[in-house]
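> Below, each chain spelled out in residue letters.
Number of protein chains: 2
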Amino acid sequence: MTNEDDMLVTPWEVKGTIDYDRLIEEFGTERIDEKLRKKIEKIAGESHILLDRELFFSHRDLDWVMKEYEKGNKFILYTGRGPSGDVHIGHLVPWMFTKWMQDCFKVPLYFQLTNDEKFWFDQDMTYEQVHELTRDNALDVIATGFDPEKTFILDDIKHIDLMYELAVKVAKKVTFSTARAVFGFENSMNIGGIFYPSMQAVPAFLHSWIHERKTPCIIPCAIDQDPYWRITRDVAEKLGYYKPASIQNKFVPGLQEGGKMSSSDPMSAIYTTDSPKKAKKKVLAAFTGGRTTAKEQRELGANPEICSVFKYYTFIFMPDDKELADIRMKCVSGDILCGACKQILVPRMMEFLEKHQAAREEAKERLHEFSADKLRNLVRK
Amino acid sequence: MTNEDDMLVTPWEVKGTIDYDRLIEEFGTERIDEKLRKKIEKIAGESHILLDRELFFSHRDLDWVMKEYEKGNKFILYTGRGPSGDVHIGHLVPWMFTKWMQDCFKVPLYFQLTNDEKFWFDQDMTYEQVHELTRDNALDVIATGFDPEKTFILDDIKHIDLMYELAVKVAKKVTFSTARAVFGFENSMNIGGIFYPSMQAVPAFLHSWIHERKTPCIIPCAIDQDPYWRITRDVAEKLGYYKPASIQNKFVPGLQEGGKMSSSDPMSAIYTTDSPKKAKKKVLAAFTGGRTTAKEQRELGANPEICSVFKYYTFIFMPDDKELADIRMKCVSGDILCGACKQILVPRMMEFLEKHQAAREEAKERLHEFSADKLRNLVRK
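So the sequences go chain by chain: A and P. Those letters in the first sequence? Residues 717 to 1097, by the working numbering. Those letters in the second sequence? Residues 717 to 1097, by the working numbering.
Heads up, some of the hints might be wrong.
No copy labels: a pair is met if it fits in one copy or bridges any two.
[Said to hold, decoys possible] Computed list of lysine-lysine pairs in DSBU-like fashion (alpha-carbon distance at most 35 angstroms, straight line): (1) K889 - K1080; (2) K1058 - K783; (3) K954 - K889; (4) K1090 - K866; (5) K783 - K993.
Think of the hints as simulated: they come from the structure by calculation, not from any bench. Remember, predicted model here, so these are calculated numbers, not experimental data.
Can you make the complete structure from the sequences, with help from the hints?
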């Protein structure tokens, strides 16, 4: 999906200036309006900054799932991660929102680690690497704080016994023509990559399949994954399941100018395994909306709209709306310089990392508690 | 693969007059010559009519595997069946040969039931049907008399936990271009069918993977499966395994004129579940090389080359070479008419079926003995 600005949003690449209105139009999703937002927060019993600040901004069928929930028909949550490298803070944003939903709605979460995908789509990725990354990334998932009794981490390769029957059924309903039209596959794509969309569809139906009861599903994720849900929604009713709903967030910006936080540029991202000291360095080196000189900035003010530090406040680190409005005002008025502003983020970021890393360390002993292994005794043989 | 005679030989369709010399040339396999035949029979300690009569006629690397065997490096056998319908006598021919090889060489056999393939390649096949056929076809495999301790029946869907890691590794090495060039996939092919060649490659490497020791593999099969082995051989060394060898048989003819015994034409095939009475009827209605009138046949003789009954003698029912030569002489000289000749086949066919059906009945209690389930405790987790 491109436009004149060279905006490109695919499951594999996001670049250019992102125009979210265009994405909604071109992907054919719906904006989360005030009415839907209020409804979600009413049922949830509380609000969430990512909704209030319109960082989760787009959806499919979320209104329908909320209506079903009010009728007593619970949904399941499904999200995932391609273990292509270390997890960074940008990845955690939709996970934290997913945890909030799990806590408020008391629903199961299927969390897919798509190691087959990452092995197939990255020529240089070895099997051993992707296996190691799968385990490693699972630690970050667990550290996010999900409910172990209601959370099922699916490792595509390890849990293929739980997933293949559904993948086989999905695959039969998707022609190469369709997959190519949706994903733009080249002839040089390997036959695993072409099959892969079947695997990403599976967790949307897995609960319904295991419990033999059609269950609504909400997929919180970044909007670049939407092509997969188009395929998934397309086959859902043919297989006797509900079309999964989705709720889609904006990209978490990188610390450098433009683009999303990206694993491929280490300085653009703060990894969950970065030492707090290293994270501090990255924050201090981050791109801001500041002026060339302090004098100029005091006179003219800075631009929070393009500032990565301000975006971090917005996404995670300044949940208090009043505090956020204050800092914004100080920024545009020139009352605060970027260095001082960063000094507010630094301790918050360091504390966040310390807590996450402690939880991550604990998670090493808790992998089995969260593993989809525990689904096995529910599955018909 | 077609020629001027409209000979067509693909994994999905075989038609026209089969020119085996051309198949060897076009597929790039090698003829099993006298020297290789003698060598196999020497190591095996006995001869086999399917080799002697050149019904197994073509191979890849079989000479190399025999040399390795002589050095003490044993091989494994791998063959399979797509459970698309009931098993007929034509299917049993390579299985009987495979059993002979297992008995003589005392080697493991991996027998793949490709239910994912048949589900993907047949639009009308339901999941329940293919599941039922898998179980049902396994009975025929077991009834063939394999050694339960050395035989591992792989049900692609049920045993995907044993197979997916290898399939994922194979899939990464096969581009869509290659798969399309080898199999002629259309854009309307579903994405399961495109992935499937990875699954058919797996059993060639499974023993090596489980035991972490490169092990030679021989695949006895009809020559129409050769495209799959080209893919498999192409990836083998990239994955650190030996290229599988193969030994390929001619098609078992149908009871009607031309073509191979086919599941899609019930009168052309004798199913293992046909009552002996029904089989008798089919034999009596079979196409022969006889003349229009008895008088003419007595004067001019008949043509065993195009006679389905004679081919049955050759493939299975007349293992004694002298007896076969006698009947052939009587046929061409007009000393025996087709009706009388069929009366020799009828009791043999009926007895064969009775025995097979008794073994098939017993097999219902023995499915677990032959199942690849027993590989699970050998597999690294």
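> Evaluate each hint against the coordinates.
Tested hints:
When the C-alpha separation of K889 and K1080 is checked against a cutoff of 35 angstroms, the pair qualifies only between copies, where the shortest distance is 33 angstroms, while the shortest distance within a copy is 39 angstroms. Neither within a single protomer nor between protomers do K1058 and K783 lie at most 35 angstroms apart by alpha-carbon distance, with minima of 43 angstroms and 72 angstroms respectively. Taking identical chains as interchangeable, the C-alpha atoms of K954 and K889 lie at most 35 angstroms apart whether they share a chain (8 angstroms) or sit on different chains (32 angstroms). Taking the shortest Cα distances, K1090 and K866 sit within 35 angstroms of each other both inside one copy (11 angstroms) and across copies (32 angstroms).
Within a single copy, K783 and K993 get their C-alpha atoms no closer than 47 angstroms, and across copies no closer than 63 angstroms, so neither meets the 35 angstroms cut-off.
Violated hints, listed in ascending order, are 2 and 5; each of the other numbered hints is respected by the structure.
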